[in-house]
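Peer 1: The primary structure of each chain is shown beneath.
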Amino acid sequence: DSGVTQTPKHLITATGQRVTLRCSPRSGDLSVYWYQQSLDQGLQFLIQYYNGEERAKGNILERFSAQQFPDLHSELNLSSLELGDSALYFCASSVVSDPPYEQYFGPGTRLTVT
Amino acid sequence: AQKVTQAQTEISVVEKEDVTLDCVYETRDTTYYLFWYKQPPSGELVFLIRRNSFDEQNEISGRYSWNFQKSTSSFNFTITASQVVDSAVYFCAQHPVYNDMRFGAGTRLTVKP
Chain A
1 DSGVTQTPKH LITATGQRVT LRCSPRSGDL SVYWYQQSLD QGLQFLIQYY NGEERAKGNI
61 LERFSAQQFP DLHSELNLSS LELGDSALYF CASSVVSDPP YEQYFGPGTR LTVT
Chain B
1 AQKVTQAQTE ISVVEKEDVT LDCVYETRDT TYYLFWYKQP PSGELVFLIR RNSFDEQNEI
61 SGRYSWNFQK STSSFNFTIT ASQVVDSAVY FCAQHPVYND MRFGAGTRLT VKP
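Top to bottom, those sequences are chains A and B.
First residue of the first sequence: 1, per this note's numbering; consecutive thereafter.
First residue of the second sequence: 1, per this note's numbering; consecutive thereafter.
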């Protein structure tokens, strides 16, 4: 158990809908990362927050957004969902952002868009 | 450009065999960090090792060992006396200081009894 929690574990929704994925980092970790894992794209970095502020952006679509709250939990919002958004979404956390430390991953949220 | 290549898509071995998973990376950065993660069938990514670009010492942790060679931009992972529980997908990743972490495509290791 990494100490990172993610809810929900599974999510099934229809195209065009909007969903919110939630992540609680390990106790003491200030940095939160979101990744998407799909068969065709592999593991892709989406976005990083550090102590409430956006720190880095990767291959995140404009339809997706995220935030980190004062209690350090984070939410990833996915809107206007398409079939291709079906994937495993991971949240990870680390103590600091610079230099890069090991990231501890949550169990993931499996999103299925039908 | 930053890229991580794990040329071995799948490897199958019999228990107690040694196995090496290859990882080659491309980067223009002088300072960066390398990682290995394990993704067992349960799906969660498990951290295995972190190594910075200035530390070329090989590391051994139980049956696991890592060989970092900056001259060939490789960071290979060896499992000695493999066990069925080692069956998983293994990811190599590179993280420059001022950029995001890039993962390789992963190597699926199957250890047969």
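One should not assume that every hint holds.
To be verified - Below 27 Å or equal to it, Euclidean Cα-Cα: the simulated BS3-like pairs (lysine-lysine) are:
hint	chain 1	residue 1	chain 2	residue 2
1	A	Lys57	B	Lys38
2	B	Lys3	B	Lys112
3	B	Lys3	A	Lys57
4	A	Lys57	A	Lys9
5	B	Lys112	B	Lys70
6	B	Lys16	B	Lys38
7	B	Lys70	B	Lys3
8	B	Lys3	A	Lys9
9	B	Lys70	B	Lys38
Rather than coming from a laboratory, the hints here were simulated on the basis of the structure.
Since the model is a prediction, treat every value here as computed from it, not as a measurement.
Peer 1: What are the numbers of the hints that this structure violates, sorted from low to high?
Peer 2: 2, 5, 8
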